[in-house]
Structure formats: structure tokens, C-alpha cells
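Chains as they are written, first to last, in my numbering: chain A, 1 to 126; chain B, 1 to 126; chain C, 1 to 126; chain D, 1 to 126.
These aren't lab readings, by the way, just hints derived from the structure by calculation.
Take the hints with a grain of salt, since some may be wrong.
Which copy is meant is left open, because identical chains are indistinguishable; a pair holds if it fits in one copy or across any two.
Capping the alpha-carbon separation at 20 angstroms, the derived lysine to any residue pairs in SDA-like fashion look like this [to be verified]:
{"#": "1", "residue 1": "115", "residue 2": "81"}
{"#": "2", "residue 1": "115", "residue 2": "62"}
{"#": "3", "residue 1": "115", "residue 2": "69"}
{"#": "4", "residue 1": "122", "residue 2": "66"}
{"#": "5", "residue 1": "115", "residue 2": "93"}
{"#": "6", "residue 1": "115", "residue 2": "32"}
{"#": "7", "residue 1": "115", "residue 2": "36"}
{"#": "8", "residue 1": "122", "residue 2": "94"}
{"#": "9", "residue 1": "122", "residue 2": "44"}
{"#": "10", "residue 1": "115", "residue 2": "61"}
{"#": "11", "residue 1": "115", "residue 2": "14"}
{"#": "12", "residue 1": "122", "residue 2": "95"}
{"#": "13", "residue 1": "122", "residue 2": "99"}
{"#": "14", "residue 1": "122", "residue 2": "43"}
{"#": "15", "residue 1": "115", "residue 2": "28"}
{"#": "16", "residue 1": "115", "residue 2": "2"}
{"#": "17", "residue 1": "115", "residue 2": "99"}
{"#": "18", "residue 1": "115", "residue 2": "67"}
{"#": "19", "residue 1": "122", "residue 2": "80"}
Protein chains: 4
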Amino acid sequence: MSRVRVRYAETDQMGVVYHANYLIWMEVARVEFCDAAGFPYRDMEAGGYLLAVAEAHCSYRSPARFDDEIEILTTVTEANRRFMSFHYEMTCAGRVSALGQTRHIFLGRDFRPTKAPESYLKFFEA
Amino acid sequence: MSRVRVRYAETDQMGVVYHANYLIWMEVARVEFCDAAGFPYRDMEAGGYLLAVAEAHCSYRSPARFDDEIEILTTVTEANRRFMSFHYEMTCAGRVSALGQTRHIFLGRDFRPTKAPESYLKFFEA
Amino acid sequence: MSRVRVRYAETDQMGVVYHANYLIWMEVARVEFCDAAGFPYRDMEAGGYLLAVAEAHCSYRSPARFDDEIEILTTVTEANRRFMSFHYEMTCAGRVSALGQTRHIFLGRDFRPTKAPESYLKFFEA
Amino acid sequence: MSRVRVRYAETDQMGVVYHANYLIWMEVARVEFCDAAGFPYRDMEAGGYLLAVAEAHCSYRSPARFDDEIEILTTVTEANRRFMSFHYEMTCAGRVSALGQTRHIFLGRDFRPTKAPESYLKFFEA
Chain A
1 MSRVRVRYAE TDQMGVVYHA NYLIWMEVAR VEFCDAAGFP YRDMEAGGYL
51 LAVAEAHCSY RSPARFDDEI EILTTVTEAN RRFMSFHYEM TCAGRVSALG
101 QTRHIFLGRD FRPTKAPESY LKFFEA
Chain B
1 MSRVRVRYAE TDQMGVVYHA NYLIWMEVAR VEFCDAAGFP YRDMEAGGYL
51 LAVAEAHCSY RSPARFDDEI EILTTVTEAN RRFMSFHYEM TCAGRVSALG
101 QTRHIFLGRD FRPTKAPESY LKFFEA
Chain C
1 MSRVRVRYAE TDQMGVVYHA NYLIWMEVAR VEFCDAAGFP YRDMEAGGYL
51 LAVAEAHCSY RSPARFDDEI EILTTVTEAN RRFMSFHYEM TCAGRVSALG
101 QTRHIFLGRD FRPTKAPESY LKFFEA
Chain D
1 MSRVRVRYAE TDQMGVVYHA NYLIWMEVAR VEFCDAAGFP YRDMEAGGYL
51 LAVAEAHCSY RSPARFDDEI EILTTVTEAN RRFMSFHYEM TCAGRVSALG
101 QTRHIFLGRD FRPTKAPESY LKFFEA
């Protein structure tokens, strides 16, 4: 479970959170998820693997506002040596604010698709 | 057709455009599309209608980089008094960089779903 | 003392944090500072006062990177019924990353300069 | 002279442009200025020189709003083999919206201060 608090910078003139920011929150949650799984992004990139976003989707249910606390529940929905997918449930005061999905592809330093080491997968099998 | 030039601010440490920025470019293209259709966002909001994002999707094909010029071809795929949907083809030097979709719902000033005036639709019938 | 952890979205292709993001962190720290002082932004805006940024300055000392934890020490350097100024020391692992200042002006709902209630000042006298 | 049109994403719940975005516009103007001077950023980085921001300042005069067109007049105020400084006048419909300054330091690929080639300076002597 990750938590973000809505920044003033993240609001727009409608008085609610600008929609693209939810993708950034998903990234925050994904990074924390990977950390908790013992698989930090930072180390992965240092090891020569990039987990590039291939697809992103967000369905907006209830607008979040400045200063709200958003809870993000992240789950892995696909994990193999080529792709990883995540699902995110973002809630605010117990109410679903948005639901998101991202799909990622492992790239090497040359930006070409590659296979992640077998050892990476064990982190997500639990 | 809209054009954006990739800002330094829009890149990330992978050396390419951070994925959430494509949603912002879609917004730029959508605003220009509505202007060209004789239906400016600004006037619509002044008239009491908000066109809130209900859903957003982006499929990333080929990474864009700093200083690249992105061309965005916007098409309306749904238009009625409650919802509007747009499709975006984002290309860079003739190559598809990303494909996006957004779905929008008309809200009143109270943030409740509403019906847009009949007159709005004629703009998108061409 | 506020803490932010560097988001991937906040990096640029130099591999470090894009400079404009420090202004956003200052805002995060300022909001938390005001909360701790018993003077929440949210309530202030609800009460009809906007604390608009009149001036911002940042001096960059040592680049922050993805996943770094930044500590921000905020102090009030000016507080009267028209203006407030803050100073921010942003450190990363004990090393100064950046030093910032912002000056703010109280505006009414009409965006004109106004005088904040006398009661606001007591929060910052400690 | 550079031009940017205010994006919806750049507004905040005050209904005006969020202050950190002016720093991004300064970057857009600086990049275009360097291009016009025959000194593209892209080439400079490809050549192994980074022009890192050492200091940034912005004084906000009149708020810009969604869809406004901002004109940015950029001038070089310091140029030597170690540092470059720029001044930016940002106007909207003939009215000064903000005034900015940035100071930059040349860094090598190792992020250490370096001296830019003598040849770089000729671009800014006009």
C-alpha cells in the first residue's frame, strides 16, 4: 500500500487533480511495490534493465482534491521475462478515485526488448 | 493536426519522454481540435460545462526524445450530449510514437453529469 | 521538517532532478509547515484568502537523483498581513542539495492584494 | 522571441498558471534562443557539455491563465567559458506576466565544472 498526498501543483483550474498525475502516482506506487518485493528499480537500472511503459490506462471515478490522501493498492497481473503488468486501485477516504493499469517491457541499455534474468521473476511469485 | 516540440522538462533519466507527458500532449491536441471546430474549451467552461476526463489510454510504440517534433492527429470517435471520445495518433518523423484515446463526460459546475446543449454536437458532425 | 522521495517523473535526461521540481517540493514543505503551525492552506483558501507566489528563487548546490530522500527545513523569514516569506534548506544524505526562497502575497477572491486577518499572524510568531 | 500557449495542465486550482511552470517556459525559450544563435542544446550535450541550472529566479507580476499566449523575450546577461546567464521577460497581451533569470554552469559528463570550448562564446557575442 502506498500513500500520496495531493500537491497543489497537481490540481488544475477545475479545482481537482489533473488527470495525468494519476500516472505519476502509479509510478510512485510501482516503485514502492518493487522495493517491498526486494527488487528496487534503481538496482534494476544499474544492472542494465529498463522497465519501459508500453501501455497505460486509467479510469477516473471520483475526483481527488488538494491535500487529499490517496491510498494506492498495487498488484502484479503479469510477470514474465519480457513483460510485467500492474493494476492500481487508488482510493481516497475509502472511495475509489481511479483504477489504473500499466504494462511494461524489459529493455536493454540499447532500448531493444530483452529478457530479464530468471531471478527477477521470483520476486513476484508470492 | 497539432505539433508539440519535446521540452527538456518532459524527458526522464531513461533519456526519453516520460510517459505521462503524452496525456498532456493529447490535451494540447484536443484543445486545438476543439478550437478548430469552433468550440473552444475556454468558452465551454465559461458556459458552465466541464469536459472531465473519464478514461485515458496510451499505447507507447517508439520513444520520443528531447527536441523531437511530435505531430498529433486527433479524431472524434464518439460525440453525444453526455460523452465525447477522442483518438490521437502521435508521430515523430513519420513514425508512430504513441496512440492514445480519451473519453470525457460533460459535468455541470456542481461536478455532476449533465447533458451538453444540442448545439455543441453540430461542431463534431463534420 | 518535510521529506520527499524523488519520483522517476522528476528526473530529466541529465539523470538528475529537473530544476523546476524543487519549487514543487518547496510548496509541499510550505503546506506541511502551515499545517504544523495550525494554519492549513486548505482552510485559508476556504476562508477567501489566497497566498499567491510573488517571487521564487532557488540556488542549486548538488544534484538529487531518482529515489533519493530529500529533507526540507522550512523557516518563515517575513510575516505580516500583506506578505509572507519562507526559506527552504533542501538536503540529501546530509549534503545541501538546494536552497530556496519564496515570497507570497495575500490576495482576495478577486485576485487583488488584501490584508490577512490579524489572527493569521499569531501562527507564525513562535 | 518565443511563444507558448498555456496548457490546461499548467493551471492550478487558483485558476491561474502554477508558478513552477514559468521555469519550464524559460527553458523552452532558452532552447529556442540557443537554436537561433546556432548553438543547439542537443548538439552541446552530444558534444559532452551539460549546461546545468545553478540558479533560478522568477518574479511574478500578473497571473497568466489557460489558453493565454505568452511571449518570452530572452537575453544573455553573462557568457564565459564557465557560466551563462539569461534574462526572460514573459508578457501576455502586452502586459508583463513574469520576469525571470537563470544562471548556468558548464559541466562535463562526470558532472564536474568544466570550461566550454572557446568556440561556444562567439555565438553569444552578437
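Against the structure, the hints come out as follows:
no. : hint     : in the structure
1   : 115 - 81 : within (5 angstroms within a copy, 45 angstroms between copies)
2   : 115 - 62 : between (38 angstroms within a copy, 19 angstroms between copies)
3   : 115 - 69 : neither (37 angstroms within a copy, 31 angstroms between copies)
4   : 122 - 66 : neither (38 angstroms within a copy, 25 angstroms between copies)
5   : 115 - 93 : neither (40 angstroms within a copy, 29 angstroms between copies)
6   : 115 - 32 : neither (23 angstroms within a copy, 40 angstroms between copies)
7   : 115 - 36 : neither (22 angstroms within a copy, 43 angstroms between copies)
8   : 122 - 94 : neither (32 angstroms within a copy, 35 angstroms between copies)
9   : 122 - 44 : within (14 angstroms within a copy, 43 angstroms between copies)
10  : 115 - 61 : between (36 angstroms within a copy, 18 angstroms between copies)
11  : 115 - 14 : between (43 angstroms within a copy, 18 angstroms between copies)
12  : 122 - 95 : neither (33 angstroms within a copy, 37 angstroms between copies)
13  : 122 - 99 : neither (26 angstroms within a copy, 33 angstroms between copies)
14  : 122 - 43 : within (16 angstroms within a copy, 43 angstroms between copies)
15  : 115 - 28 : neither (24 angstroms within a copy, 36 angstroms between copies)
16  : 115 - 2  : neither (28 angstroms within a copy, 37 angstroms between copies)
17  : 115 - 99 : neither (29 angstroms within a copy, 25 angstroms between copies)
18  : 115 - 67 : neither (41 angstroms within a copy, 25 angstroms between copies)
19  : 122 - 80 : within (10 angstroms within a copy, 48 angstroms between copies)
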